[in-house]
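*Asks:* Protein chains in written order, with the numbering used here: chain A, 1 to 458; chain B, 1001 to 1458; chain C, 2001 to 2222; chain D, 3001 to 3222.
A couple of the hints might just be wrong.
As the list claims (entries may be wrong) - Examples of chain B residues lying across from chain C (beta carbon under 8 Å, computed):
1) 1043
2) 1131
3) 1147
4) 1177
5) 1178
6) 1233
7) 1235
8) 1313
No lab work stands behind these hints: they were computed from the structure.
Using N, Cα and C, we set each Cβ at its ideal position, and we do this for glycine too.
What follows is the residue order along each chain.
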Amino acid sequence: MKYKSLIITNPEDLIFGIAPNPVKTRRGLEIGGGQVYAELNFTLPVMSINESTLPQVYEHYREIAEGALERAVDLNSKGVVLELETLLEMTKTPWIGIEIVKVMNEICEKYYQKHGLASEIRLTPNDLREFERPAKQRTSQYLEPMMELFEKGMIAGGDLLSIESTGGKEVSDDALMNCDIKTIVFALAVLGVRDMQFLWKKIFGLASQHGKIAAGDSACGFANTAMVLAEKKYIPRVFAALVRVISVVRSIVAMEEGAVGPDKDCGYEGPFLKAITGIPISMEGKTAACAHLSPIGNIASACCDLWSNESVQNIKLLSGMAPTAYLEQLEYDARLMNQALIAGTVPSHILQQLLVASDVYTDPQALILSPENVIRISKELIKGDSYVANARNGAITALDIIEEALASGKIKLSEMETAYLPILRDELESIPESESEFIEMMLPLLDQSKFILSEYGL
Amino acid sequence: MKYKSLIITNPEDLIFGIAPNPVKTRRGLEIGGGQVYAELNFTLPVMSINESTLPQVYEHYREIAEGALERAVDLNSKGVVLELETLLEMTKTPWIGIEIVKVMNEICEKYYQKHGLASEIRLTPNDLREFERPAKQRTSQYLEPMMELFEKGMIAGGDLLSIESTGGKEVSDDALMNCDIKTIVFALAVLGVRDMQFLWKKIFGLASQHGKIAAGDSACGFANTAMVLAEKKYIPRVFAALVRVISVVRSIVAMEEGAVGPDKDCGYEGPFLKAITGIPISMEGKTAACAHLSPIGNIASACCDLWSNESVQNIKLLSGMAPTAYLEQLEYDARLMNQALIAGTVPSHILQQLLVASDVYTDPQALILSPENVIRISKELIKGDSYVANARNGAITALDIIEEALASGKIKLSEMETAYLPILRDELESIPESESEFIEMMLPLLDQSKFILSEYGL
Amino acid sequence: MEELLEKLLQAVEFGKVDFKSPYPPQLKGENGAYELTIKALESGVGPQQILENALVPAMDRVGKKFSENKIFVPQMLMSAKAMGASMLQLKPFFTSGEIKTKGTFIIGTVKGDLHDIGKNLVAMMVEGAGWTVIDLGVDVPSARYIEAVNNNPGAIVALSALLTTTMVNMGEIVSDIKANLPTTKVFIGGAPVNNDYCQKIGADFYAPDPQGVVEHLSKLAS
Amino acid sequence: MEELLEKLLQAVEFGKVDFKSPYPPQLKGENGAYELTIKALESGVGPQQILENALVPAMDRVGKKFSENKIFVPQMLMSAKAMGASMLQLKPFFTSGEIKTKGTFIIGTVKGDLHDIGKNLVAMMVEGAGWTVIDLGVDVPSARYIEAVNNNPGAIVALSALLTTTMVNMGEIVSDIKANLPTTKVFIGGAPVNNDYCQKIGADFYAPDPQGVVEHLSKLAS
Ligand code: B12
Ligand code: B12
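So that you can see chain A by itself, here it is in the shape it has in the complex (with noise of 0.2 Å):
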């Protein structure tokens, strides 16, 4: 791994607004660089996507782009980013993604004109490869309109270029039901650090030749699938917990490829991130109960640089369209962080502690974002010789975090979650550290006709 310290060490220098390595937009935005924006994201109501309702998906996106700005013109927004990410038809056949890139641009484009908004779209290709079963991350013939979907869009004004990818998705999904922790391991920090890396040369690759931002990516389909199904009370919050902490070591390759964020709101291995590299980052909490409910609702902005709501479908609320409603919604949030940092270090931090010690102790999930145990995990997910070793050990570290406030009483857990973990800590403990004996004690337990190993250039 390329990073070996921490670019932020101190836990009261994470915090939300302020990055250590802010990222500059086109039309001004300066994410990181003292104030949260709002982040709002969007998807389409009950519709199918052809060729005879594609004007109606074109004047979906429009208003969405419209009403959004219009109220954050309103309410005096400093500035806001609006992620376009896109379904399975739009980047199967790019140029739809592409045009929904130019009619939403557009719109930014005027708003900034006339009344001098600062906003910037997010372009999230969808990964398409999962299409294919099993998945060819690297031979697939899908990755060509991925890509295109990438350059022309970046072109057409999709400045922050994202994707929540899928390598390694095909072994962690069924890891997943099984609370099986070392394959979730394999599938983060074998798998999808491999694909990662593959796939971010390309994306940087791009964004670089036309002057565009290489955010970040998502290991949504990892730990916001663990979160998402432990909330359903299908999995326990311990183990979902730890899948958090072991995705970092997959998206942390981003950046290690040259991503300088911000990264997405559906990882909320952001915080980690924006410790070791000092990258901005998005989150999403409590104002994304419109997309999931999650533990981690105040906790989540602690140090957030945008504040997203995952995504809202574009249907009638009683005060108007739903993205224009989380729009505002996300405004005076944002705001009331600004305010914060208008008004100086301390109340700053007050603030902070308040959103962090609000949720803290009532669910694992929530207690490993705490700025102090961010650091004290990131440390940990730095240190050893392999993306292995720094899964397992930043695993450990947060297992020991948990067990910690278990015996002192502050957090509570039923028994059904305690069960888990002794069961966990053995399995974490029995991983070693270099990567090459890891496959090869895996290999045996695996399911190989659920993957194709030279697909990432095992």
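Assemble the complex: chain A is given as a structure, and chains B, C and D with the ligands must be docked to it using the hints.
*Replies:* Chains B, C and D with the ligands in isolation, oriented as in the chain A frame:
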């Protein structure tokens, strides 16, 4: 007016979660007793209410209550209020409303027994009298079903009683659109006050008889209508701010007749009522963006005891049903305030100051809601000998505050707005202290085909 | 003559009702729409010309300024009042048939619903655009819309609804109207409604705001 | 004999696959479902009896515990594995026709959609309830559902979808199936779907969770 002095005189004491006269409920909520609870509001999706759809109607309310309380338990909620604001059919045919209360109360009781979660139902029948034009406030045939719903509904488990009564609205509607502040004073401080006295005697009587809680009334149809219209840029914001202040003398009549709070969410006159009478209040702000956009998203929470979302349809979002998602958002907002209260006076005030400062100079409607300004205006609202005088004096003080902020450059207003300031001042100053003189002055100017004087005891 | 019409146009645009009305301050001491209309008629300007070259263009400007958020509703209402003062003088010519409005526009808030602020704005703007407006008020059942069309053949009907429970009534009302008067055009509007819903229930037109109605009507009329 | 079946039931309920499997700790050193099934067959218990009196009731308990949030999915999966070990022994009797499952249940995630966690859970629970399950995987077009029913006449078809853009495909697929195989029962499920939608597209049954499917299936089978 009964109140001659303020219960809260120090702006520092006008804070969230703490009311001088807290309200205890049957299942153990202590509203205003040291913490903030969520008050969830909800309504049906697009559907009609008739005999054939009644099972679905009940099922919607069952699903809403179950989803919300289930989530509240998962979030370690300290307590929840569910507001049932009835729709036309549920009041006209009171047994429909009563049945819905029963359905919801059963679920409240289940969660209380099973998980110890305290929850209570606020029952808010809608004011049917406005269905007759001109309205017959005292002789309407509709009073009977309304009162039946109040009485049988409270017995069925609707422990907190509220209404958004509409006396005077037939006059205020046009006055709002004409930006006619004198007529607004007439509608609220003459007609509204008189109707409130008539109505709240009845409601308080019933509540006392059954040992239930007469909570409060909101001038929603007046002052919130003004806010929504101002937000749509239909009427000046400075005007809407004054309407808010004038509405205080009308809504306080509920307390004069015995109501003890919590005052209703959509009444932003709440902070003034809290300062004057010491009752706890419900408020709504950013997390009510599902129901209406507003310029007071953060500042609205500065001294709330319940925190509400005003209303959201029972429709599917990506995470689940919208009321469940909004319950989660409210809970996290409340958690933050409660964490501040736990942390002590200093952090509480810092959080409050941030909430206030983040909005206060963005809009005159926000400006008048800062604790300082609430106290300053409240003092004027109780000084005079008539409701009319108090309304006038309160509004002039609000105008002073707006003009001071303008002069000092703290607030910025467009010329379209400032053009109204001298006009509004002239008109307010032309209002005499005495009610009878004022009535004499106004009657010739009003279209008497629109309202019936005798229905207000005039 | 040109000048008189221009003055009348301005009186309406800025809401100067008559000589004694204090608003707008910048027109203090000048004649209002009332006096200017009398003068125009006296000096031989045709009533149709007054309507088409002064009143309607004035309200058109007002509508545009409103939709660009350059004026508030009270200002628009003052203009409507000024136009009303002028129309009072023109009334005999309507009755005699010497001038014609663009058509009749019947509007009401549907059964079960009392919200009328939005509906009133639509009514006012359509009137300003030169249509005869019949406002049926609130809580209006099918029968009353149908009755009104029977009394005004060829009229357009517009339904407003603000509640998710009453927008459902729109479907019924549209069916009832279409069943009885198949050629009648029905418009719908109100916050919870949208174009999809309009198509679903077989109504003819939806607009999110009064400006949209006025624009569509002027297309229909031309 | 009773005792053997009871032990097998418990082995499945608690997820003891075979003698050497380390889970659950409290059954360490004991025989698992694998060994107990062999013993039961040897001691003359009928395969049908094993299925009906041990495996199905065990999975039924597991399903109930799961829906009451008393166990996690991994525990449920261990039970499913234990049941699988037992079924391996029973396979010949299915092939010979000596025992019958309750029927065939074909499931797949619809065209365009890759979410399969929910679908897999449903498949597992239905299998646990004694049905033959055919899992078509993800991104499944109409033709593949139809082909599967043609190969398994009388089978029930279940569609899963998680995206608001792919739930629309369900409508199409239901029509296609019904057009080709009018008597086939089609179930639908997945987060964005609900009962209204089920009715709207003419599907036969919707449940919010696997437990609902299992209960409905047992009604259909009895
Ligand atoms: C995990 C997940 C993924 C994983 C999927 C892993 C997998 N193998 O399934 C990955 C990361 C790959 C993924 C990808 C995508 N996802 Co996804 N994903 C989720 C997530 C987090 C959880 C879903 C889940 O597994 N839930 C747990 C299971 C157990 O629940 P369930 O599926 O609802 O099933 C239960 C019931 O519904 C029922 N059931 C299910 N099927 C059936 C069938 C029958 C017949 C019956 C009766 C019952 C039934 O029983 C189950 C058990 O109770 C949700 C978020 C959320 N809040 O749900 C988003 C979510 C569904 N995904 C979403 C999106 C947008 C995507 C992507 C398009 C993202 C992108 N741009 O790349 C891609 C789409 C890929 C594709 N074409 O399908 C959106 C959907 C938004 C929309 N417009 O509809 C969601 C809601 C996230 C969000 N909030 O924005 N996703
Ligand atoms: C003012 C108001 C009231 C006033 C109404 C005063 C009046 N004379 O109209 C009062 C207080 C009386 C009231 C009562 C109620 N209300 Co109310 N009310 C509102 C409020 C705050 C503003 C509505 C408004 O006037 N908007 C301004 C106007 C100008 O906009 P508009 O009506 O949308 O009209 C515009 C366009 O839609 C269009 N348009 C309108 N009509 C037409 C027609 C055509 C043909 C076309 C083309 C266009 C068009 O042009 C207009 C101008 O741009 C809204 C909140 C909100 N966020 O909108 C709630 C709201 C509409 N009310 C609501 C409710 C629930 C009620 C009550 C049931 C409350 C109760 N329990 O007592 C009662 C219902 C009484 C009844 N049966 O109708 C809910 C509706 C929820 C739902 N389920 O649908 C809302 C959304 C509040 C909320 N967030 O919960 N209400």
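*Asks:* Indicate, hint by hint, whether the structure satisfies it.
*Replies:* Hint by hint, here is what the structure shows:
1. At a threshold of 8 Å, the smallest CB-CB gap from residue 1043/B to chain C is about 7 Å, leaving the interface hint in force.
2. About 6 Å separates the beta-carbon of residue 1131/B from the nearest beta-carbon of chain C, less than 8 Å, and the hint is met.
3. Evaluation of the residue 1147/B hint against chain C yields a violated restraint, the C-beta minimum of about 20 Å exceeding 8 Å.
4. Using the Cβ-Cβ criterion of 8 Å, the hint placing residue 1177/B at the interface with chain C is satisfied: the shortest such distance is roughly 5 Å.
5. The beta carbon of residue 1178/B is positioned within 8 Å of a beta carbon in chain C (closest approach about 5 Å), and the interface hint is therefore held.
6. Taken as an interface hint, residue 1233/B checks out: its beta carbon lies about 5 Å from the nearest beta carbon of chain C, inside 8 Å.
7. With a least beta-carbon distance of about 5 Å to chain C, the hint placing residue 1235/B at the interface is held under the 8 Å criterion.
8. Against a cut-off of 8 Å between C-beta atoms, the interface hint on residue 1313/B holds, since the closest Cβ of chain C lies about 6 Å away.
Of the numbered hints stated above, the single one contradicted by the structure is hint 3.
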